[in-house]
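Protein chains in written order, with the working numbering: chain A, 1 to 266; chain B, 267 to 584; chain C, 585 to 1053.
These aren't lab readings, by the way, just hints derived from the structure by calculation.
One should not assume that every hint holds.
Said to hold, decoys possible - Which residues of chain C face chain A? A few of them, derived with a C-beta cut under 10 Å, are:
id, residue
1, T769
2, E910
3, V925
Built from N, CA and C at the ideal position, the CB exists for glycine as well.
Here is what each chain is made of, one letter per residue.
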Amino acid sequence: MLIVASVCIVALLAPWLAPYDPSHMEPARGFAGRSADHWLGTDNLGRDLLSRLVYGARWSLGLVLVATILITTAGVAVGVAAGYCGGLLDDVLMRLVDTILSVPSLLLGLAIVGTLGPGLGSLVIGLASIWWVSYARVVRGLVLSLRERPYVDAARALGASNARIVYRYILPGILPAVTVLASLEMGELVLAISGLSFLGLGAQPPTPEWGAMLNDGRTFFFTAPQLLLYPGVIICLTVMGFNLLGDGLRDALDPTDAARLDGLRS
Amino acid sequence: MESGWLARRVGGAAVVWLLVSMLSFSLGALAPGDPAQLMLLRRTGDQPSEVDVQRLRHELGLDRPFVERYARWAGAAARGDFGTSYRTGQPVVGELRARFPATLALALTGLIVGLVIAIPLAMVSAAARDGALDHGARIVALAGVSLPSYLLGYVLMLVLAVGFGLFPVSGSGSVRHIVLPALTLGLGSAANVTRMLRATLLDEMGEDYVRTARAKGLSGFAVLSRHALRNALNPMVTVSALRFGRLLGEAAIIETVFAWPGIGRWMVESIYDRDYPAIQGFVLYIATVFIVINVAVDLAYRALDPRVRLGAPVGTRA
Amino acid sequence: MVVAYGADEFPLTLNRERLGRYPLNAGICEPLVRLTDDFVVAPALATRWEYRAPNTYRFFFRNDVAFSDGTRFDARAAAHTFAEAAGTRNDYSFLSDSSVRIVDDTTLDIRPARENRRLIDQLVHPTYSLVSPRSDPARRPVCTGAFRMTAYIAHDHLTVVRNEAFRGARARLDTLVFRFIPDETTRTLALRSGEVDAIVDVGRSNASALERVPGLRVVTAPPGAVIVMYMNLHGANPFHQLRDAAIRRAVAQAIDRRTLVQDVLGGGGRAALISTVNPPRVLGTYGTLVHGVPHDPDAAERTVGTRRRGLRLIANPSSIDRAVVEYVQAQLARVGFDVQVEQLDAAAYEGRLNSGAFDLDLELPNQNDANPAFLLALRWYSKSNTRSVAFTHASPRFDTLVERALGATTEDDARRAAAEAMHQLVDVEVGAVPLAGISRSYAMTDRVRGFVPHPSRLHQDWSTVWMAP
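So that you can see chain A by itself, here it is in the shape it has in the complex (with noise of 0.2 Å):
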């Protein structure tokens, strides 16, 4: 929690909180060690590592917020839309979720964002066109077993439109449990752009995205390990940092939602 915050925080000062621009180089003093101007010393083309990380905060946790959002939204529709009418519609959208789902998710996404061309655009449409599948079985799940709880069936009694027992039953039952999710799948998104950053395909230069900047530390492995060692380190805490939140909220949820969810997630 504490860790998602303070990333969080960071993100948004990230202007005020860098001591310098983020893509100022100046290439003869590259590899810098730590110092009192460069608090983590600079990169292979004399930038500082700092700000450069600070500035990486914006954009990675940008990227995944955006596609977090686009992921729990058609994840959500598609999911209640399924769970809630049943009968044919739920059986055509499940087929299409299991399809996606039997198709290896790194790949797809990576044949997604190569036609779609560059950007950080494609990037997020190419995660959010697979990622959603996950959310999508299991808020089916849960939107199925709330429509047989009794307080539903009173409301649908009393003459309530589907619409209105959807938004006022349905969505807030699923919400704790979605939040939960969309928490242990953040940490999964920073790792898969960081993998597709590896693969060729990521945030395009200067922007000091933590997948690329880790990419870009590769070739320094041996010579100058703290050009891999510091984003590695960040974006390893972030993702501790998501999943360590959501598993807390994920104790905090009422305990049958919490075993469905564990048994629902792939």
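Position chains B and C relative to chain A; hints supplied.
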């Protein structure tokens, strides 16, 4: 009822297979660029003449309607013929067969490594619920999953291969070669398996039979290992099968780092080259394996756990 | 001995039919003529050759050569290889199906579809190596080289053993394994763990780390490649800005190449400040005719004016480091160009290049043959048969100079004409900016002896190498 369930299960799987085949075929058929032109360009590196392109289009049947082309492709694919790779000029199915076993071996070993790490951690964690050991075990499990896999791979290579000389850095060919990539893969999946297993164990511990056993004087850990674990492992089988799909994606990166001659690396290159017959064949091949595994796991699940008698369609239960 | 290479198949270079010849030249096969490390043509399977007007090369072969399976090498076998090559190569050789004529057992005429006086320079390329017509070149090529192939597993390894029937000095190694390890860090770790004896393509950072390890050494070849910045000279809106020569000059003036070479690329033997688009060696003494546009950011800034300009840059994903891209981007930003960099995969990159959807393009062309005008003819000559030339072709004056180089009857004339064409391109028209000369580095254990680095990685000879006990 039993045979009805089976029929629904297999029917659902068949529908998914058809959908996947359509999806994978569309990946290539709807992509920009003319396959005939691409093939000629790949072969000679030169801009082909319009006559040559038309001739090849006709030979390949590309001038036929979309539906007919799909039917022909899916029919051939069902018989195990995925066409010829634009890039290497070799039959796609040959490349798939040559490379898939390596990836399968890696993914299975990774899965086992993940379980070997996760089971003790989850047991410790569940036994000492909310204690220091619980938190410790969860952090350990998380450490592996929080690092990008290639970084984890480098560290393992540096320490275990270069430092202690225990295993080879890269390549394939012996059992020792698979250790480091499988460890990297397994560490990456251990956290999720631990989380899930811990939760199931905690649930099981609330069950009557566990309380009875404890009342009889068995220690918490003994109850966990003798009774709860056995029951908790059943859902694990399903989750492991589902994680398998993610493992395959991750394998693409690990195969590159460890120079493992698997299908993931080859797929990434095919995507970058828009080698559509290879992409289409790969997606359908993997999906077929995945669907078969899922059906098999569901069957195993029902055989293992007589309590389950609810008919559930493909993939909806994890 | 085990050597770790990057990849056995490069994206976009298809065809297993070149197995063991390209992009990895495993020493299994030989061309008719070979390339010395001064980029000069020397005899190999052909002992001599003559030009017969109007447009034919006659080759005289050795008559004591056998393929590694024992069958005899003769003109018929050679004709087979060239007929295959005619269908699969595109490098301005103008070979066609009807180019080859067998004169007798040891004499062959090659007549390109168009006049080509540089054919002899081109035939040193390993893709023109001679393969036995009875072997399957995609699985197990049988050739006449110092080694003979015994095993190949794609993405894993290729194994060769000494060809005892080799006509010349026997290879000193009895077995040589090429391992394919795509990740540079992994290659470096594999060398340090003793798993491999030598590694190819060591980057700046790993080279300096390995130099400090006892028992290992780093060998750097003379420059064999150049980082070239291509410009879109004929783009349609919005890629039309570099049609203006003044803007092109400003782009060239903006970049401090000295800092690029010394600090970004690490200087030393790995990167060199040069002004030619080919390694200067291939121009002999005429390289000095090309001066390069001097670094002058103030002049560039004056040209750009107060309104900032946007440019789009693409870079070859398999050969250009992100650091170089970021450096160029930052240098141009200082004089008023906002450069948008597009990170593309191989096919998307190729698509952009061929459709002219770029302003600047960074690549690392290698000099793999003896033709001093090879790159000029391929990328800026208006009659080139590559697709991207529609956007990069230079002026008619440049064409005339290239044609003079292609048609020159002596090597010296060809080099001088190529240098003049390059001067026209780089200094007068500013149609391209050569950024830095690049050398390949190899790292190996001290036990590896007899390794002589060739500037072209494709012509690296492993037959002289041996392992000390």
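Now for the hints, and whether the structure bears them out:
1. Below 10 Å, beta-carbon pairs count as interface contacts, and T769/C has one with chain A at about 5 Å; its hint therefore holds.
2. Here the hint on E910/C is kept, as its CB sits about 5 Å from the closest CB of chain A, short of 10 Å.
3. For V925/C, the interface hint holds, since its Cβ comes within 10 Å of a Cβ in chain A; the closest pair sits about 5 Å apart.
In summary, this structure violates none of the numbered hints.
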